[in-house]
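Q: In case you want the letters, here they are:
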Amino acid sequence: MKTPIPTLLIWLIFLVVVIFAPFFLPRYYVAVLTNVLCWLGLALCWHFFSGTTKYISLGSAAFFGVGVYLTAIFGKTLPYYFILPLACVINFLFAGGVGLVTLRLRGMYFAIFTFGLAELLNNIILFWEMKVTGTRGRFVTPFDIYYPMVFITFGIILLTLVLRKSKFGLALRMIGENEEAAAHFGLNTTLYKILGFALSSALIGVIGAAFAPRWGYIDSGIAFNPLYSFMPAVMTLFGGTETMLGPVVGALLLSLVEEYLLTVLKEYFMLILGLVMIIILLTLPEGITGRVVKR
Amino acid sequence: MITLTLFFEILVGGIILGALYSLIAVGLNLQYGVTRMLNVAHGDFLMLGAYITYFSFTLFGINPFASMIVVAPLMFLIALIVYASILQRVVKISKSAEEVEWRSLLLCFGLSFVIQNVAMILWTANYRGYEAPSLGLVNIFGVTFEVNRIVIALISIIINVSLYLFLRFTKLGMAMRATVEQPEGAQLVGINIFMISAFSFSLGAILSGWAGTLISTFTTLNPFMGSSYTLIALVLVILAGIGSFKGNIVGGFLIGFLAYLTMRVIHSVLTLVVIYSCLIVILLVRPQGLFAR
Amino acid sequence: MQTKAISKIWAVIIAVIIVVAAIGGVVYYFSRPPVVVKEKIVIGYVDAFTGIFAPGPEVWGSYWMRMLVDDYNAKGGLYVPELGKKLPIELREYDSKSDTETLVRLTEKAMAEDKVDLMFAPWGTSQNFAVLPLYEKYGYPLVAHAMGSGQVYDLVVTGASKWVFPVLCQPPFGAKYTADFLQWANASRIGIIGISDLHGIEWTGQLKAELARRNMTVVLGPELYPLTVADLSPIIRKLQEANVDALWASTYPADGTLLIRQCMELGFTPRIMIMGPGSQYPAIMIPTFGVKAMTGIIEYHGFEVDYKASPKLLELAERYKEKVGYYPGPNTIAAYVCNEMLFKAVEKYGLDRVKIRDAFLAGESFDTVVGPAKFDMQNVYLDAAGAGYLCQWQGEEILKVIWPLEKATATWIPKTPWK
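Protein chains in written order, with the working numbering: chain A, 1 to 295; chain X, 1 to 293; chain H, 1 to 419.
Hints are computed from structural coordinates only; laboratory data are not their basis.
Take these hints with a grain of salt, some might be off.
Below, a list of computed lysine-lysine pairs in the DSS-like style, where the Cα atoms sit at most 27 Å apart [as the list claims (entries may be wrong)]:
id, chain 1, residue 1, chain 2, residue 2
1, H, LYS86, H, LYS312
2, A, LYS76, H, LYS238
3, H, LYS40, H, LYS86
4, H, LYS374, H, LYS162
5, X, LYS246, A, LYS165
6, H, LYS355, H, LYS162
7, A, LYS266, H, LYS38
8, H, LYS85, A, LYS76
9, H, LYS348, H, LYS292
10, X, LYS246, X, LYS171
11, A, LYS131, H, LYS323
12, H, LYS86, H, LYS308
13, H, LYS355, H, LYS323
14, H, LYS348, A, LYS266
15, A, LYS266, H, LYS40
16, H, LYS238, H, LYS40
17, H, LYS75, H, LYS308
18, H, LYS85, H, LYS355
19, H, LYS355, H, LYS321
20, A, LYS266, H, LYS321
21, H, LYS85, H, LYS75
22, H, LYS407, H, LYS419
23, A, LYS167, X, LYS95
24, H, LYS38, H, LYS137
25, H, LYS85, H, LYS374
26, H, LYS38, H, LYS344
27, H, LYS292, H, LYS344
28, A, LYS131, H, LYS40
29, H, LYS323, A, LYS266
30, H, LYS86, H, LYS419
31, H, LYS115, H, LYS208
32, H, LYS75, H, LYS312
33, H, LYS75, H, LYS137
34, H, LYS355, H, LYS308
35, H, LYS115, H, LYS344
36, H, LYS355, H, LYS115
37, A, LYS131, H, LYS308
38, H, LYS374, H, LYS355
39, H, LYS162, A, LYS266
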């Protein structure tokens, strides 16, 4: 089944708008868009594996953080565009390892294990910095990463569009619907799970590596921020897990609305986010787009 | 060089610390064991218990150990309301057991934000503490230990053992086990799954609250203190085996011993790494936990 | 069916986005407000009001900064020389949710979008580092009242950054005065412990190096423990075994409380006991331990003020006590003083931030509630007449300054028995 032309066209229009936006928007709004693109990419990556197979990964922050940290370490010695594929490879292997240990088991073990992964890496790196390298935090030359983010995010969109209709994507979805049946059909579920998780996490790592220059200063606490663990999950569930549309809608809505509400609601924002999460999870179990997509 | 006295100190010190860890985890273990819902807001229930104790002490002068009597009904009520109004709905709208698991997981995340931020709005983000009474020291084989900590350890052991016996030998306990092991069969014999789950969840919340009560005797409180305890509890639940209180104690001792050893003899900064490595090893070797049912 | 339904939504969404963007762009460009007469001064303040860092600003600076703004507004506002009159101050607060990305974004919003006149710095060393590039880019002095790092010390001393003005003492300088004090107090067996985070790592590292330079004996440490530690007794036992008579501990409120509690229980009473941020907050320490037990504990971060040193200071402390219930920690007033410097600079140079920055760089002195103060760009801290390096609990709720001797309001006393 080919990707329908209208969808591609719509994405192309979106891409054009995004490419020309910085010429018309003030700096701050470009920063907002950069952030939105980041969340869009993260939500799509998360959805690619966890949204389809229903193996809830709470470890996005770990892979994101590894990417951030790679840029922090190599930012001054290696070119930026070399660090990105490096982050991809390293996170692929790392996630593959995690997957090997935990994906043979039931989903809950996977969720719990990934939950603490970011914190574990934080401590390991602190120890490393303290004892081995003697450094404390690293400076990164800040520069505008809008166009790299556009490139990466749309790359992820393209990849997702292609893969979701492929054997790979269908296998992941099958695992999510009924893993036992899938196994009975002869599907090597463990292999697909590990590959799916590794790929999804590798791309999350690339986003992290790309995003680091926004902050100018990285230490392990900044790199491994738990926010990046649960927000992709929240956004995807908000938007809906059935199709790619879900994470897109969820990420766009939540990051844009958050930006506005943060300045208005101030310290009530997290509280309201929590309430909204609960309400959405209970009243719209298929997410916002779930109602529209009929199966 | 590890002398006999040092070894004894590490052994007993580890057991005491381990019992504390078991206490932190026991509520979560019970909740997850029976309802199959992973309550990641567990640390925040712990925080609530701590604050209830704090206010009991500062407003009414109630001794922290005694305040457990106040904490219990309050935590039970809060958890019951949470379960009945929110978590039960997840069961209704989910099509499979896995769905219940991950939906409730994310729901509890949202719950965590709500509890933390309500606490912050009510009580500010400021650190709080109170002058908890001290019970002095005791000297065993030349090593001094804090009696407070030993009392906490004893409470933890009593709770774990009681739960083990309760689940094994009482009617209600057996009904709870049936709910997990044979949900359809349980319903057939007339066990009300909802009541049992609600009860287990709320009982687990009491235990989490008590953990908070006892922790408040030696450290400061703030609305965001819960998350680090949630992590330890999660690790221990996996290590122990879900629903196993024998495992909770043994696993707790194991982690406590290793943590104490690391801090005493190796290097404190590796403590969390060591704890997490236990988790990795268990997942590789015996994923169902030490004492799986 | 499915595809059509998705495509329809897509079309709608994209169309809406394009339309909104177009309208927004047009409206923005054609309705920019005409240049108005300036009616107020807006100060941007982006900090963690929720999330894991929230206790930071709460305990440290946010009350002080709001008090400063209130104080000026009560007298009609801040005087702006180019307009020849006082303008009321609006403090615009944004919540970063303890997230660095949000902090950076909202800081840029305040600077580029709201175009605020001045900025108040956030809490936390890493947070300050993260926004420093923005402060440099848009030209705002970063008067950092809650920042402590050897790296910022290097930035200032080498001249790599001209826009950051640390207020508290940084580890390289802090290690020197701490070592001076330890020598003076005849510390013989020193133990160094602390939290394994940036602050702890740097301070303990610098201190150990400085002590080694003076051939002073460190019998234990630096021993760093994780933030989530539940039991410090193994470390305390090690300290007891090593017969430590001077303990230096880089602690925060939570683990500091744990340390004091367990030292009390296990009966470890070093003659000299120096602790980190957290140990000097009456709001936390008095209800938990009481003044008597705390007596003798010293705090090291610098900019320590004795509120009884002048009536004005006492009045400020009393007002703080009315709001919070307890007297403020001795160095939290840094947030008030450093921004008061900023205001005084505005009154002299106007809202020209470059001129203000240059004045600070040149070490120009301004009058503050703790006397004349200037930024010392060699040792990298705010040198104020009434602010010392070390303070100590001495039997009452308001701490005393004990070091350097020329600024001390009381003599150091050894740690008294806990009970």
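Q: Evaluate each hint against the coordinates.
A: Taking the hints in turn, this is what the structure says about them:
1. A C-alpha spacing of about 23 Å is found between LYS86/H and LYS312/H, which places the hinted pair at or below 27 Å, so the restraint holds.
2. Between the alpha carbons of LYS76/A and LYS238/H the distance comes to roughly 41 Å, so the proposed pair goes past 27 Å and is violated.
3. Note on LYS40/H and LYS86/H: the hinted pairing holds, with a Cα-Cα distance of about 9 Å set against a maximum of 27 Å.
4. Among the hinted pairs, LYS374/H with LYS162/H is consistent with the structure: their alpha-carbon atoms are about 15 Å apart, no more than 27 Å.
5. The suggested pairing of LYS246/X with LYS165/A is violated, with an alpha-carbon distance near 48 Å, which exceeds 27 Å.
6. Restraint check: the Cα-Cα separation between LYS355/H and LYS162/H comes to about 12 Å, which is no more than 27 Å; the hinted pair holds.
7. Between LYS266/A and LYS38/H the alpha-carbon distance is near 26 Å, which keeps this suggested pair within the 27 Å criterion.
8. For the hint pairing LYS85/H with LYS76/A, the CA-to-CA distance comes to about 49 Å; that exceeds 27 Å, so the pair is violated.
9. The hinted pair formed by LYS348/H and LYS292/H fails the criterion: a straight-line CA distance of about 46 Å is larger than 27 Å.
10. Restraint check for LYS246/X and LYS171/X: satisfied, since their Cα atoms lie roughly 20 Å apart, inside the 27 Å limit.
11. For the suggested pair LYS131/A and LYS323/H, the alpha carbons sit about 44 Å apart, so the restraint of at most 27 Å is broken.
12. Restraint check: the Cα-Cα separation between LYS86/H and LYS308/H comes to about 31 Å, which exceeds 27 Å; the hinted pair is violated.
13. A distance of roughly 36 Å separates the Cα atoms of LYS355/H and LYS323/H; the hinted pair therefore is violated under the 27 Å criterion.
14. This hinted pair does not check out: LYS348/H and LYS266/A have alpha carbons roughly 34 Å apart, beyond 27 Å.
15. At roughly 22 Å between alpha-carbon atoms, LYS266/A and LYS40/H fall within 27 Å of each other, so this suggested pair holds.
16. Taken as a hint, the LYS238/H and LYS40/H pair is broken in the structure, with Cα atoms around 58 Å apart against an allowance of 27 Å.
17. Distance hint between LYS75/H and LYS308/H is fulfilled; the C-alpha atoms sit about 25 Å from each other, no more than 27 Å.
18. Pair hint LYS85/H plus LYS355/H holds up; C-alpha atoms about 19 Å apart against a cutoff of 27 Å.
19. Simply put, LYS355/H and LYS321/H have alpha-carbon atoms about 36 Å apart, too far for the 27 Å limit, and the pair is violated.
20. For the suggested pair LYS266/A and LYS321/H, the alpha carbons sit about 26 Å apart, so the restraint of at most 27 Å is met.
21. Distance hint between LYS85/H and LYS75/H is fulfilled; the C-alpha atoms sit about 12 Å from each other, no more than 27 Å.
22. For the given pair, LYS407/H sits about 30 Å from LYS419/H by alpha-carbon distance, which is inconsistent with the 27 Å threshold.
23. Between the alpha carbons of LYS167/A and LYS95/X the distance comes to roughly 26 Å, so the proposed pair stays at or under 27 Å and holds.
24. In summary, the hint linking LYS38/H to LYS137/H is supported, as the alpha carbons are separated by about 24 Å, within the 27 Å threshold.
25. For the suggested pair LYS85/H and LYS374/H, the alpha carbons sit about 26 Å apart, so the restraint of at most 27 Å is met.
26. Using a Cα cut-off of 27 Å, the hinted pair LYS38/H and LYS344/H holds, with the two alpha carbons roughly 19 Å apart.
27. Distance restraint check for LYS292/H and LYS344/H: the Cα-Cα separation of roughly 40 Å exceeds the 27 Å cut-off, and the hinted pair is therefore not satisfied.
28. Between the alpha carbons of LYS131/A and LYS40/H the distance comes to roughly 51 Å, so the proposed pair goes past 27 Å and is violated.
29. Between LYS323/H and LYS266/A the alpha-carbon distance is near 21 Å, which keeps this suggested pair within the 27 Å criterion.
30. Straight-line distance between C-alpha atoms of LYS86/H and LYS419/H comes to about 54 Å, which puts the hinted pair past the 27 Å bound.
31. Annotation: proposed proximity of LYS115/H to LYS208/H is violated, straight-line Cα distance about 44 Å (limit 27 Å).
32. Of the pairs offered as hints, the one joining LYS75/H and LYS312/H holds, with about 16 Å between alpha carbons and a cut-off of 27 Å not exceeded.
33. Between LYS75/H and LYS137/H the alpha-carbon distance is near 33 Å, which puts this suggested pair outside the 27 Å criterion.
34. A C-alpha spacing of about 35 Å is found between LYS355/H and LYS308/H, which places the hinted pair above 27 Å, so the restraint is violated.
35. Straight-line distance between C-alpha atoms of LYS115/H and LYS344/H comes to about 21 Å, which keeps the hinted pair within the 27 Å bound.
36. About 18 Å separates the Cα atoms of LYS355/H and LYS115/H, which keeps this hinted pair within 27 Å; it holds.
37. Of the supplied pair hints, the one linking LYS131/A and LYS308/H is violated, its CA atoms being roughly 43 Å apart against a limit of 27 Å.
38. Of the supplied pair hints, the one linking LYS374/H and LYS355/H holds, its CA atoms being roughly 15 Å apart against a limit of 27 Å.
39. Between LYS162/H and LYS266/A the CA atoms are separated by roughly 31 Å; this puts the pair beyond 27 Å, and the hint is violated.
Violated hints, listed in ascending order, are 2, 5, 8, 9, 11, 12, 13, 14, 16, 19, 22, 27, 28, 30, 31, 33, 34, 37 and 39; each of the other numbered hints is respected by the structure.
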